Amino acid sequence: QQQVKQSPQSLIVQKGGISIINCAYENTAFDYFPWYQQFPGKGPALLIAIRPDVSEKKEGRFTISFNKSAKQFSLHIMDSQPGDSATYFCAASGRYGDYKLSFGAGTTVTVRA
Amino acid sequence: GAVVSQHPSWVICKSGTSVKIECRSLDFQATTMFWYRQFPKQSLMLMATSNEGSKATYEQGVEKDKFLINHASLTLSTLTVTSAHPEDSSFYICSAREFYEQYFGPGTRLTVT
Numbered sequence: 323q324q325q326v327k328q329s330p331q332s333l334i335v336q337k338g339g340i341s342i343i344n345c346a347y348e349n350t351a352f353d354y355f356p357w358y359q360q361f362p363g364k365g366p367a368l369l370i371a372i373r374p375d376v377s378e379k380k381e382g383r384f385t386i387s388f389n390k391s392a393k394q395f396s397l398h399i400m401d402s403q404p405g406d407s408a409t410y411f412c413a414a415s416g417r418y419g420d421y422k423l424s425f426g427a428g429t430t431v432t433v434r435a
Numbered sequence: 261g262a263v264v265s266q267h268p269s270w271v272i273c274k275s276g277t278s279v280k281i282e283c284r285s286l287d288f289q290a291t292t293m294f295w296y297r298q299f300p301k302q303s304l305m306l307m308a309t310s311n312e313g314s315k316a317t318y319e320q321g322v323e324k325d326k327f328l329i330n331h332a333s334l335t336l337s338t339l340t341v342t343s344a345h346p347e348d349s350s351f352y353i354c355s356a357r358e359f360y361e362q363y364f365g366p367g368t369r370l371t372v373t
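Protein sequence lines correspond, in order, to chains A and B. If you read the first sequence in this note's numbering, its first letter stands for residue 323, the second for the next number, and so on. If you read the second sequence in this note's numbering, its first letter stands for residue 261, the second for the next number, and so on.
These are computed hints drawn from the structure, not numbers from a lab. None of the values given here were measured: they were computed from a predicted structure. From the three backbone atoms N, C-alpha and C, an ideal C-beta is built for every residue, glycine too. Do not take every clue at face value.
[Stated by the list, open to error] When the alpha-carbon atoms are kept at most 27 Å apart in a straight line, the in silico DSSO-like pairs for lysine-lysine are as follows:
#1 K301(B) with K337(A)
#2 K422(A) with K301(B)
#3 K422(A) with K326(B)
[To be verified] Counterexamples of contact, computed for chain B against chain A with all Cβ distances above 12 Å:
#4 V271
#5 C273
#6 G276
#7 S278
#8 K280
#9 E282
#10 K324
#11 F327
#12 L328
#13 N330
#14 T335
#15 T338
#16 T340
#17 P346
#18 V372
Please model the complete structure; the sequences and the hints are all you need to start from.
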């Protein structure tokens, strides 16, 4: 049973456009929500993360929006660039179980030049 | 900071042999490390949680006698795939936890012939 549901499965965006990826969770014990970026044949890299005490966090062109009441969070990639073409995974963890991560299914983003 | 290395990056072995994969946190101490397996175009599947100085905790369905994990120090965890078979061919990725954050290694591509 997947604890974090991610959509869409894939998306194509033009260079300079905005990519939006959504995730939803059920477990209210989750209190840490990271996003990872993975290129083919590489390990995932931590991109940005948020705790539930804030509704938004921005780092450069990447922004996480968090809605605690709806149990949803999303990643916005502003001014998308071809180098952003990768697979993005949302995840969630809590204090229990050594903070192990529950991952979403992943979204493959393709940025067309 | 927060760099995790894996060795080897790729390995080919014959069916029936054993293969050891090392995971090191280079610039921080990790009391907890995790081992994942990833199939093409799929999300990461957690195999086990490894705590320094104690036995690993395996996820349901993962054969602990086949995938031996040793967390010998705060910077090193190893995964040994014993009596490997072609179905064990996969991309194996480790991660190391520092507080809430998990940092991933670059992955090891295992091919069993």
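Hint by hint, here is what the structure shows:
no.	hint	verdict
1	K301(B) with K337(A)	24 Å, holds
2	K422(A) with K301(B)	21 Å, holds
3	K422(A) with K326(B)	22 Å, holds
4	V271	14 Å, holds
5	C273	19 Å, holds
6	G276	27 Å, holds
7	S278	23 Å, holds
8	K280	18 Å, holds
9	E282	14 Å, holds
10	K324	17 Å, holds
11	F327	16 Å, holds
12	L328	19 Å, holds
13	N330	17 Å, holds
14	T335	17 Å, holds
15	T338	17 Å, holds
16	T340	19 Å, holds
17	P346	20 Å, holds
18	V372	18 Å, holds
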